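Can you build the whole structure from these sequences, using the hints too?
So you can see what is in the structure, the chains are spelled out below.
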Amino acid sequence: MAKFKKDGGRPTPAINTSALPDIVFMLLFFFMVATKMRDKEMKVKTQLPTATEVEKLEKKSRLHYIFVGPPLNAEFGTSPRVQLDDAFATVDDIQQYITLKNGEKDEKEVPFMTTSLKADKTVKMGIITDIKQELRQVNALKLSYTASKEVKD
Amino acid sequence: MGSRRRDIPEINAGSMADIAFLLLVFFLVTTTMDIPTGLQVALPPISEEPPEDSKQKKREVLEVLVNAADQLLVEGSPLTIDRLQQKTIDHLTNEGKDPTLSTTSTAAIVSLKNDRGTSYDMYVQVYNELTAAYNRVRNDYSMQEYGKSYKDLDPQRDKDKIKAVKKKYPRKLSEAEPVSIGGE
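So the sequences go chain by chain: P and V.
Just so we're aligned, residue 0 is where the first sequence starts under numbering that gives the first Met the number 0, counting upward by one.
Just so we're aligned, residue 0 is where the second sequence starts under numbering that gives the first Met the number 0, counting upward by one.
Quick caveat, the hints were computed from the structure, so don't treat them as lab data.
Since we're looking at a predicted model, the values are computed, not measured.
Ideal placement from N, C-alpha and C gives every residue a C-beta, glycine not left out.
The reader is advised that the hints may include incorrect statements.
Said to hold, decoys possible - Beyond 10 Å from chain P on every Cβ pair, some chain V residues (computed):
1) Lys57
2) Arg58
3) Val73
4) Pro77
5) Thr103
As the list claims (entries may be wrong) - No farther apart than 20 Å at their CA atoms in a straight line, the calculated lysine-lysine pairs in the PhoX-like style are these:
6) P:Lys55 with V:Lys150
7) P:Lys141 with V:Lys171
8) V:Lys165 with P:Lys141
Quick look at the structure:
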């Protein structure tokens with residue numbers, strides 16, 4: 000004969016959460032792989048201009064970065080400065096920098112190297128023109144005015 | 000019946016998820032997913048020879064000047080930035096109709112000249128409009144000829160089509176050597 004338990008009915012079984020860590024780890028690995036830690040410490044402010052016709056740049060390994068903008072630290076003044084890697088530089092250092100960086104690359108890759116120019120909106124064209132001239136001197140002819148995609152409203 | 004040997008207690012993995020979540024959140028926050036984007040430019044190589052385009056007919060060249068006060072002068076008359084794209088498109092697709100604009104699209108040149116005192120923001124905007132004009136005319140031409148926009152042409156399969164569009168509307172955007180008038 001049926002005999003009822005005191006508490007009545009079967010207790011709801013606990014949901015098996017042992018697979019939860021697996022799922023979370025999967026997500027974790029995805030983000031770990033996708034993350035690119037900021038490797039350069041910014042010394043200049045670069046508020047990028049916006050544009051509608053921007054194109055995606057190729058691989059990050061094929062980029063040189065040049066930053067131009069007013070220094071974040073007001074101790075260094077307010078006039079725009081050039082930053083290469085982690086340090087302040089002058090326009091005259093660019094040739095050497097590009098040559099040095101190209102030397103580290105595979106020879107075949109050099110013609111595909113693009114210079115990504117990250118300049119602040121407020122910078123005047125004078126310094127940009129000088130940089131362009133320097134780049135032409137070292138035959139680094141692929142340039143990209145880094146700009147963020149303008150959202151059409 | 001009681002076992003003599005004590006069972007090894009199961010390791011409680013419940014908090015494993017917590018630890019993993021913690022790490023996950025850390026990486027979520029630190030991740031910057033920004034894909035670098037920018038306006039692509041091909042700089043002209045430095046040559047010792049003086050440019051030979053001095054014989055270039057004036058009507059083929061659309062002169063765009065930006066001064067130190069970020070004002071635009073197109074073909075000698077002031078223009079606002081939002082009308083620059085249309086003006087450029089008119090120039091490129093003129094095909095000899097307007098006597099002041101280009102005779103054919105293949106000969107049309109856009110010449111951009113800026114002052115050393117022009118702001119970078121303005122320059123990028125102008126450059127963007129000019130690029131947009133080229134992209135528009137190429138798109139329209141490709142649409143009309145092949146029923147596909149220029150962007151959608153496959154670089155492998157439609158190689159000839161891309162070539163044809165580029166030949167019809169070559170990107171002749173020349174930038175003058177820098178001058179300084181207004182000061183920085």
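Status of the hints after comparison with the structure:
1. Lys57: Since the minimum Cβ distance to chain P is about 25 Å, Lys57 (chain V) lies beyond 10 Å and the statement holds.
2. Arg58: For Arg58 (chain V), whose nearest Cβ neighbour in chain P is about 26 Å away, the distance exceeds 10 Å, so it holds.
3. Val73: holds (18 Å)
4. Pro77: holds (19 Å)
5. Thr103: holds (24 Å)
6. P:Lys55 with V:Lys150: Roughly 13 Å separates the two Cα atoms, so the pair holds.
7. P:Lys141 with V:Lys171: holds (16 Å)
8. V:Lys165 with P:Lys141: Holds - the C-alpha atoms of Lys141 (chain P) and Lys165 (chain V) are around 19 Å apart, at most 20 Å.
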